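J.: Next come the chains, spelled out residue by residue.
2 protein chains.
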Amino acid sequence: MALALDVKADEGMWMPAQLPTIGKALREAGYKGDPKDLADLTKAPLNAVVRIGGGTGAFVSSDGLVVTNHHVAFGVIQYNSKPDRDLITDGYVAPDRAGELPANPDYRLRVTVGFDKVTDRVLAGAAGKTGRAYYDAVDAASKALVAECEKEQGYRCSVANMFYGRDFYLVKQLELRDLRLVYAPPRAIGNYGDEIDNFVWPRHAGDFTVLRAYVGPDGKPADYSPDNKPYHPPSHLQVAREGVADGDFVMLAGYPGITYRHRTAAEFADQIEWRLPASVEVLKQLQDVIEDQGKADRDAGIKYASQLQSLKNGIKRFSGELEGLERSDAVTIHREDEAAMLAWLATQPDAKTLKPRIDEAMKLIAAGKDVRERDLLVGLLSSQTQLMRGALAIDRLAVERPKPDAERESGYQQRDEELIQSQLKQAQRRYDPRVEKALVTALVTRYQKLPDAQRLPEFDAVFGRTAADLAKTLDRVYGATKMGAEAERTRLFKASPADIAGSSDALLVAAHKLQPALLRIEDERKSREGDLLRLRPAYMQALIAYREKQGKAVYPDANSTLRVSYGKVTPLVARDAVTYAPVTTVAGIVEKNTGKQPFDAPKPLLDAIRKGDFGQYADPKLKAMPVDFLSNLDTTGGNSGSPVLNAKGELVGLNFDSNWEAVSASWMYDPRYKRAIHVDMRYMRWLMDKVYPAPALLKELGVPAETH
Amino acid sequence: MALALDVKADEGMWMPAQLPTIGKALREAGYKGDPKDLADLTKAPLNAVVRIGGGTGAFVSSDGLVVTNHHVAFGVIQYNSKPDRDLITDGYVAPDRAGELPANPDYRLRVTVGFDKVTDRVLAGAAGKTGRAYYDAVDAASKALVAECEKEQGYRCSVANMFYGRDFYLVKQLELRDLRLVYAPPRAIGNYGDEIDNFVWPRHAGDFTVLRAYVGPDGKPADYSPDNKPYHPPSHLQVAREGVADGDFVMLAGYPGITYRHRTAAEFADQIEWRLPASVEVLKQLQDVIEDQGKADRDAGIKYASQLQSLKNGIKRFSGELEGLERSDAVTIHREDEAAMLAWLATQPDAKTLKPRIDEAMKLIAAGKDVRERDLLVGLLSSQTQLMRGALAIDRLAVERPKPDAERESGYQQRDEELIQSQLKQAQRRYDPRVEKALVTALVTRYQKLPDAQRLPEFDAVFGRTAADLAKTLDRVYGATKMGAEAERTRLFKASPADIAGSSDALLVAAHKLQPALLRIEDERKSREGDLLRLRPAYMQALIAYREKQGKAVYPDANSTLRVSYGKVTPLVARDAVTYAPVTTVAGIVEKNTGKQPFDAPKPLLDAIRKGDFGQYADPKLKAMPVDFLSNLDTTGGNSGSPVLNAKGELVGLNFDSNWEAVSASWMYDPRYKRAIHVDMRYMRWLMDKVYPAPALLKELGVPAETH
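Same order as they appear, the protein sequences are chains A and B.
Counting in this note's numbering, the first sequence runs from 3 upward without gaps.
Counting in this note's numbering, the second sequence runs from 3 upward without gaps.
For the record, the hints were derived by calculation from the structure and aren't laboratory data.
Bear in mind that the values here come from a model prediction, so they are computed numbers and not experimental data.
Treat each hint with caution, since some may be false.
Put simply, identical chains are the same to the list, so a pair is met inside one copy or across any two.
With a Cα cut of at most 30 Å, we get these calculated BS3-like pairs of lysine-lysine [as the list claims (entries may be wrong)]: (1) K701 to K26; (2) K451 to K297; (3) K594 to K286; (4) K314 to K598; (5) K427 to K405; (6) K119 to K528; (7) K474 to K613; (8) K570 to K623; (9) K570 to K625; (10) K354 to K496; (11) K318 to K371; (12) K594 to K318.
Build the full structure now, drawing on both the sequences and the hints.
T.: So, in structure tokens, the structure goes:
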């Protein structure tokens with residue numbers, strides 16, 4: 003039954019510049035500030051929100067204190083742990099500034115300082131072009147802009163594509179390289195519940211950590227040095243003195259990674275009706291292959307344990323996404339919405355220019371179906387194998403290395419070689435010839451059953467067209483190759499392109515024969531992407547105009563740039579008669595506690611809960627000590643550590659997870675199920691005040707302890 | 003942390019005669035009728051509430067219609083199912099009265115027609131006696147009362163013991179023997195969710211069935227005959243036209259089996275600190291034994307599958323009970339309450355007569371600890387074995403058969419012989435010598451480790467005192483016995499006491515040698531029970547007086563007599579931030595539906611849900627079609643099928659299960675967790691109106707269909 007669902011309520015990952023446009027809605031939702039003050043992400047308060055270690059963080063003091071998630075800072079904690087100083091287990095409270103511990107040297111924090119529209123410059127060379135030429139023109143212009151921007155020392159730049167090629171922005175970020183650990187709770191607080199509670203609400207983790215950013219004596223980014231000084235950020239957030247309750251306005255700023263919300267109805271249907279079920283089916287087959295082989299050979303089972311776990315995670319995630327999109331009836335909703343949009347467009351003067359480009363885009367998208375099975379299998383062949391993938395990478399490096407670095411394919415540039423080499427090394431612990439042959443057999447057997455239109459002559463030549471051909475080939479290739487030896491892989495990785503081309507190693511010869519097909523598929527993909535970059539803006543333009551007519555604004559799909567969401571603290575009605583309240587309390591820590599990992603709350607925490615000295619931190623309505631809270635804020639991967647603000651713009655929480663029902667939100671925001679999970683700043687403050695005291699830190703945060 | 007818990011709120015399985023006493027509370031809770039009208043369980047409306055097939059039911063028309071649970075009437079449905087008429091799968095709607103299908107001949111319905119206090123007669127012969135003599139006097143007087151009462155044809159009588167020997171009642175019940183199936187939903191409605199949803203809330207089962215009681219043309223109980231006429235009950239309940247909502251008053255009448263709420267604090271401690279954990283430990287060992295043997299021998303595994311399942315159920319139940327009692331902090335609460343009661347008693351004039359008897363009772367209870375390990379093991383030896391148990395039963399029959407039937411030990415009377423014989427038969431499919439030897443080894447090895455004080459000379463003589471003795475004995479006994487053959491067991495079952503005594507079968511000889519120990523344990527138990535029957539009333543008298551001082555009434559522990567509970571429709575806060583609403587809707591059926599058993603809702607139901615024609619049956623607040631509801635009514639096993647009434651005394655639901663958190667309620671009612679699960683009469687009526695129509699039936703129920 004199709005549900006009458008307003009999918010727009012509380013949905014939105016807004017570019018800060020859009021906020022004044024939706025200012026009325028924002029104020030009606032409860033925001034007390036002036037939406038105009040949020041329009042510039044390079045000014046306060048949004049420039050307090052930073053990229054850090056793959057997630058988001060926020061400055062919370064003028065001396066460079068940053069809060070983010072425990073799991074975002076986990077590498078820093080791990081780096082500082084030693085057998086005799088186990089900070090993972092014990093947590094860490096820096097006794098003073100001198101006691102703040104340097105992060106791993108590759109840990110980075112980026113402050114966005116520039117965000118400029120560069121659409122004209124990016125598209126200047128693309129005008130009049132199509133396909134691969136359009137793609138290359140955009141790529142070259144973007145690379146040039148980045149190179150120019152990064153000439154200034156201490157900055158990282160990138161070009162962000164908004165609305166699928168309609169607008170381009172040059173993002174300039176100050177990159178700080180000296181971060182230090184100030185305060186971390188023990189793992190059994192920061193990651194209470196671990197994998198078992200992952201994606202689970204009600205949740206009881208204190209998923210926060212406090213770091214401090216340092217710069218050189220000259221105030222510029224610098225590697226760690228004892229002479230460095232705390233960084234003075236252009237602005238910082240104020241930790242709230244009060245907490246939130248069911249129904250309260252909240253907003254969040256962060257760097258969400260990628261969403262597909264504005265894809266066409268056909269792409270939704272493809273995702274739901276084919277891609278997700280097909281991926282689950284083939285990944286399950288690979289899982290079976292590994293499990294069967296692992297039963298027969300315990301040693302092989304151990305070698306593939308990590309790949310098996312990653313397959314299982316993929317299956318779980320894809321299944322959850324499929325379940326969610328089906329539950330939300332996404333295909334019907336998007337088909338009906340798109341049909342209405344196109345019907346409306348037909349009555350508009352713009353139709354004449356937009357419609358032909360939309361039609362062309364849709365034809366292109368439909369054509370993607372013709373080879374989708376083949377592309378899925380070819381992709382898995384070079385990601386789910388160890389030696390085959392290594393041989394393909396070595397052969398591809400021989401193609402790329404002769405080019406100037408800037409022109410090398412991304413993934414095969416100088417900066418990527420270290421990763422390729424480490425994968426070649428890892429194969430030693432992850433490769434077993436029988437398992438790899440069984441995996442290749444499973445994938446190529448599926449390939450062999452595809453219709454002629456999806457056939458690749460190079461694949462047919464290498465693997466043959468029958469099961470017998472395939473078995474013979476794999477026995478021969480894996481029997482003869484010397485790439486099973488780590489020394490040989492290392493030698494080949496370092497060898498010259500001429501040596502690679504002339505190699506007689508059976509597997510490398512096979513990879514070399516397959517390579518032209520892979521390059522052709524890549525070229526086709528880029529050509530298609532080039533055309534979609536050219537055509538999709540017409541679809542977006544029509545959609546934006548249609549929404550405007552409906553009185554609604556459109557945010558661009560997420561692309562790791564700073565976005566703002568707003569919504570409210572709200573319960574989750576997960577199933578018939580099952581309601582999850584939006585605030586959890588320390589009582590739940592005691593309930594879940596088994597004394598065994600991951601439900602092994604530290605004794606000081608349990609003692610403090612038993613003691614019940616919650617002071618000002620207790621929730622006045624619940625009359626209990628809060629831990630985490632739930633909101634309908636629009637988030638996705640990358641939003642880890644995002645500051646959650648109240649109506650006055652004060653920090654009330656840190657985002658750290660979503661509920662399982664929301665795993666499909668990268669495609670569709672369903673207001674019934676989409677929730678984000680945040681750690682409550684009251685819990686953080688109580689821990690800092692009463693459990694693992696850090697009075698100086700609380701004072702610096704502007705929320706002094708009760709008890710000191 | 004001990005919780006300040008008012009364990010009395012909404013707790014109570016009241017004898018109807020007590021209701022006027024607590025009338026004020028009943029009216030304050032929301033009851034609109036006169037509590038005095040509920041005082042006599044042989045008058046309307048309570049005489050509409052009947053015992054049926056091991057559960058409870060209620061008359062709902064003047065022509066003898068009875069509603070009860072689908073699971074209470076399951077045997078009737080099964081009995082009427084044939085390969086070409088699968089009523090379990092399809093359900094049944096009788097086309098007319100002639101189409102009502104006779105129940106299995108042993109299916110019974112009992113209407114309580116007499117409930118008279120007989121304390122004086124029961125205790126007359128016991129005065130001045132102690133121990134076994136007290137027990138026997140009570141037993142003989144009770145049996146005499148029953149025999150006298152049952153002289154009248156068509157009645158079943160029993161003596162009910164209230165307050166542990168303080169009061170005795172003679173219960174007289176009219177027994178109807180011709181029940182017929184009128185309306186049953188398909189299994190996938192009546193038992194939607196089956197084992198997976200057992201003890202689960204939120205629940206979505208339509209656990210109801212309608213039967214009709216028939217009597218002979220003379221109006222008296224009769225076996226099935228086509229000439230029989232519908233029975234006209236003395237009263238019947240009226241199905242409500244409106245449903246219930248969160249917070250509404252509800253009450254329930256039924257035949258709860260057994261509770262232990264008024265046991266002493268020492269007995270609570272024994273249950274929680276020893277009996278439950280010890281039982282779980284030994285049952286788990288037996289489970290391991292069967293699983294290990296089953297792995298080694300697939301055939302043996304199959305033979306013991308049913309015993310294994312029953313062990314697992316026992317472990318689950320005991321673990322749940324333990325978990326619940328610990329969560330409720332039952333030991334502390336009862337210790338503190340009992341200590342306060344005894345302190346108060348010391349200030350009362352009664353103390354002089356009561357205190358010595360209470361002390362004596364407590365000493366007796368404490369003494370039970372001395373042999374509790376032994377008694378647990380001996381009990382399991384004769385319940386968890388097949389051939390050993392059979393040999394013990396045959397040997398015991400030889401002891402009992404020479405006595406007049408009325409004097410034979412209960413369980414070994416003529417009426418019990420059929421059950422014993424069927425167990426002896428079943429052994430054919432359930433016995434494997436290696437598994438039985440392993441089970442006996444596990445139990446006797448534990449016995450051998452007990453201190454001398456718990457030793458039984460007969461057991462030592464048969465099994466020896468070392469592992470080697472035991473192994474040798476079991477090899478010899480199970481190697482030589484011919485009881486593995488069904489024909490031999492049948493022969494022995496029919497053999498004379500003299501033949502049994504003279505048998506040289508190794509297992510029977512062993513059983514014969516063990517028997518005196520078992521008889522002695524039985525005698526000790528009865529002697530102890532006799533003394534407790536004599537002494538516990540003093541404890542109860544003190545407790546009742548103490549509660550009276552607190553302004554509270556005391557109900558007797560449940561004993562399968564008619565009781566009334568009252569309370570309200572109410573949600574369950576199961577864990578921190580997890581709330582289960584008290585009314586489920588058909589949306590949950592669709593959510594849970596997988597198309598596979600037990601979540602395989604029939605197509606007509608799914609179609610009707612999709613169609614959404616819920617008419618008057620929809621809940622006005624939820625704007626949805628209700629299925630089941632939850633209350634805090636006080637129930638236990640035996641309450642299945644109990645009618646749930648609203649404030650006006652109209653039928654709004656049928657009780658059919660409890661939540662998992664309430665599994666410890668046989669010992670303690672914790673108002674935070676004790677909930678009862680009921681099927682909503684609106685769901686029943688909607689099914690009868692719109693899904694599997696039975697318009698004549700609805701008319702007879704006084705709630706005519708909308709659509710006919």
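J.: None of the hints should be skipped; say for each whether it holds.
T.: Quick rundown of the hints versus the structure:
1. K701 to K26: neither (36 Å within a copy, 58 Å between copies)
2. K451 to K297: Classified as within; 28 Å inside a copy, 41 Å across copies.
3. K594 to K286: For K594 and K286, only the inter-copy Cα distance (24 Å) is at most 30 Å; the intra-copy one is 32 Å.
4. K314 to K598: both (24 Å within a copy, 24 Å between copies)
5. K427 to K405: For K427 and K405, only the intra-copy Cα distance (25 Å) is at most 30 Å; the inter-copy one is 86 Å.
6. K119 to K528: within (24 Å within a copy, 93 Å between copies)
7. K474 to K613: neither (71 Å within a copy, 58 Å between copies)
8. K570 to K623: both (17 Å within a copy, 25 Å between copies)
9. K570 to K625: both (21 Å within a copy, 25 Å between copies)
10. K354 to K496: neither (56 Å within a copy, 99 Å between copies)
11. K318 to K371: within (24 Å within a copy, 52 Å between copies)
12. K594 to K318: For K594 and K318, the Cα distance is within 30 Å both inside one copy (24 Å) and across copies (19 Å).
The structure fails hints 1, 7, 10 (numbered hints given earlier, in ascending order).
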